[in-house]
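Number of protein chains: 2
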Amino acid sequence: MHVLILGGDGFCGWPAALHLSDLGHDVTVLDNLSRRAIDLELEVESLTPIRPIGERLRVWRQVSGREIRFVRLDLAREAERLTALLPALRPDAIVHFAEQRAAPYSMRSTTSKRYTIDNNVRATHNLLSALVQSGTDAALVHLGTMGVYGYGWSGSAPIPEGYLTVKVPTPDGDVEREILHPASPGSVYHLTKTLDQLMFAFYAANDQVRITDLHQGIVWGTQTPQTARDERLVNRFDYDGDYGTVLNRFLMQAAIGHPLTVHGSGGQTRAFIHVRDMVRCIEIALQNPPAAGDKPKVFNQVTESHRVRDLAKLVGSLTGASVAHLPNPRREADENELNVRNDQFLALGLEPTTLSEGLLEECRETAGRYRHRVDPTKIIARSVWRAGMETAEDILTELPERTPSPAGPMPERR
Amino acid sequence: MHVLILGGDGFCGWPAALHLSDLGHDVTVLDNLSRRAIDLELEVESLTPIRPIGERLRVWRQVSGREIRFVRLDLAREAERLTALLPALRPDAIVHFAEQRAAPYSMRSTTSKRYTIDNNVRATHNLLSALVQSGTDAALVHLGTMGVYGYGWSGSAPIPEGYLTVKVPTPDGDVEREILHPASPGSVYHLTKTLDQLMFAFYAANDQVRITDLHQGIVWGTQTPQTARDERLVNRFDYDGDYGTVLNRFLMQAAIGHPLTVHGSGGQTRAFIHVRDMVRCIEIALQNPPAAGDKPKVFNQVTESHRVRDLAKLVGSLTGASVAHLPNPRREADENELNVRNDQFLALGLEPTTLSEGLLEECRETAGRYRHRVDPTKIIARSVWRAGMETAEDILTELPERTPSPAGPMPERR
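For the record, the sequence lines run as chains A and B. Residue 1 is where the first sequence starts when you use this note's numbering, and the numbers rise one by one after that. Residue 1001 is where the second sequence starts when you use this note's numbering, and the numbers rise one by one after that.
Incorrect hints may have been included.
Claimed, not checked - Simulated restraints on C-beta separations:
no., chain 1, residue 1, chain 2, residue 2, range
1, A, Arg331, B, Glu1176, 18 to 26 Å
2, A, Pro327, B, Thr1111, 29 to 37 Å
3, A, Asp375, B, Ala1037, 45 to 53 Å
4, A, Asp172, B, Ala1347, 24 to 32 Å
5, A, Ser356, B, Arg1341, 53 to 61 Å
6, B, Arg1051, A, Pro327, 55 to 63 Å
7, B, Met1389, A, Thr110, 40 to 48 Å
8, B, Glu1398, A, His2, 48 to 56 Å
9, A, Glu78, B, Glu1041, 17 to 25 Å
10, A, Arg77, B, Gly1054, 31 to 39 Å
Unchecked claim - Simulated pairs of lysine-lysine, DSS-like, Cα-Cα distance not exceeding 25 Å:
no., chain 1, residue 1, chain 2, residue 2
11, A, Lys167, B, Lys1167
12, B, Lys1167, A, Lys295
13, B, Lys1378, B, Lys1313
14, A, Lys295, A, Lys167
15, B, Lys1378, A, Lys167
16, B, Lys1295, B, Lys1167
17, A, Lys313, A, Lys378
As the list claims (entries may be wrong) - Some chain B residues close to chain A (C-beta under 8 Å, calculated; not the full set):
no., residue
18, Val1168
19, Pro1171
20, Met1199
Since the hints were made in silico from the structure, they are not lab data. Ideal Cβ positions, reconstructed from N, Cα and C, are used throughout, including at glycine.
From just these sequences and the hints, can you work out the full model?
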């Protein structure tokens, strides 16, 4: 298959591109390198020293013998170039990661709210309309988010995969209707993925575009077998308050001797997936597209759920790190249950990589190896959901000396 | 009240601005004159000779003694100017008409699809984020569309006003949940209004923006008491295949001796509202905003429903016009029932102006007065929902001589 990876230089896109290339697919990455540009804006870098995309691709060719092509393209702003490219590239499938993907960044400022809406909505719609105009019959796989569902909407019922059947009262008694799970986005970022859903439903119905929407949990881990083949292939590891995701942040914090930053009570329950499973899910989704005329297929791309304070406790017990309870910059419930269905991926062969000491250690080790690259003033989350909400002061302003933790640190094996 | 009318130069915005000014409100119109620019693109003009906005406002001052201010502003592209303007203007309320509003135009080409998405989504989001950033506590009234609901979703139950309560199955039995009526947009234009709904829900919840969304039916008629005060205040009358709405098109067609263009069987049932009631609804909505923290208030802004072929028959019987059954350029059900609730506006004092011979005659008369301005080659609808769909040839290529119709024409009284 010829697969286009839109956003193939990013945290999920890069390992997905390598995984698909490694499987023998012909891969082309399209990316505007916006994630690197946001690093410049936020004055922070990936904890891991990621290499320029050209070097990444050269090294991949050296270690794998496989070619990945690269096109620098801004999906939101270069719609006509995209429409012209599709007939030339003739893809069999397209994976669409090309959206601003951090909830805190999306709430950081009016500018970042607008950027997130403008970029994400236009990227998705430019793609859909380009597929239609160019007559490209490629299966489209899109990275959505569990955050479209909100938390706690469906009571004791597990969150279904995209759709649910409800009873609608009518004068002739209740009628059953299948609906897209009602949207309950918690940030402007999550909002964009709910807007995407409606655009997908329309283009699937009107133009028979074949679309799969993957509602992904929080990705943790950083390396896949492919990114680990050479240090120059290393994946991003974001630890800052905007782009860092909770479990990776805890592991980084443990590695540098920073208390684990829990917002509010830590009673938030979230769904997780390891980066290795993420790439496998993309593969499975590509192999199982919907038929033309079908409504968008929705998978919940998650393997397990955990409460944030339990994760902090676990990482603390493994590493001796302390926990700091900080004000929550988000507007969200302090405590929530979460019960998510993920039957479809399991039925299609996904073998979940669940939280294990080994993997936590591997990830903490990666963090430890690059600890000198941490700017501790970038750790505290400061993007607030409404003006005036309290945030914490920096806990550390300088990188602490490397000291053994009371619980006995895991050795750094490299 | 100081009311901003965004899109106040358009078909609904202009009569709404005059109506509110006439009631004694302080009115400022913001508009980028995009509707006039689209006329240039489509090579067609309003049947009525609308005057430049500056002249409109000068004449209004002469005939009413009231001042309406005008700011030329592109809501989608001049977000920062908008944010800066709000604290200077200090509005009490804002009416948001500033979106591309024709379903056929939104399906006309890839460019027009993208324009509709980009313009409408950004206009709404730039406004919401500007209200938040500037701390402007103005009630926001937005013009939505009945088309967000689709047709026939709820079986024999009438379409509710925005929200409905459904039963969701859980392991502990059904639980009741109020949901936004599931979106079922029939075009890219209607899609944008479903995207607006989700943005409204988010900003109402996160930022306590007070929002009213008006799901409007098809507007017919052209004049209000205010626009009729001077010919230079005349409202738009669109008759072309993209912007003309069904009943006004029939009346124009009857006035020039063109067969009434019914698409498909004409079994489509649609909701209607006269332009006079539209302005009154805007007034009522402004008087009854939701409280801060409330979810968006949704009104169905309609007064009656009719089947398209019944309207053609009615206009035909009044005027002697024949009916031409043409291929339908839209993807939609050939026949549908429609039962819509509009209790809220009725309870708040709306007295519906329903279809009457007198009003039809008034509108046909307006069309007849300006019949020399019709370009008959612009009448046939040619924007198709999918490439390759059939459209009709022009029925007339030149304006026919004025001939009495067999049923005896209504006299033109001017």
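Tell me the hint numbers this structure goes against, listed in increasing order. 2 and 15
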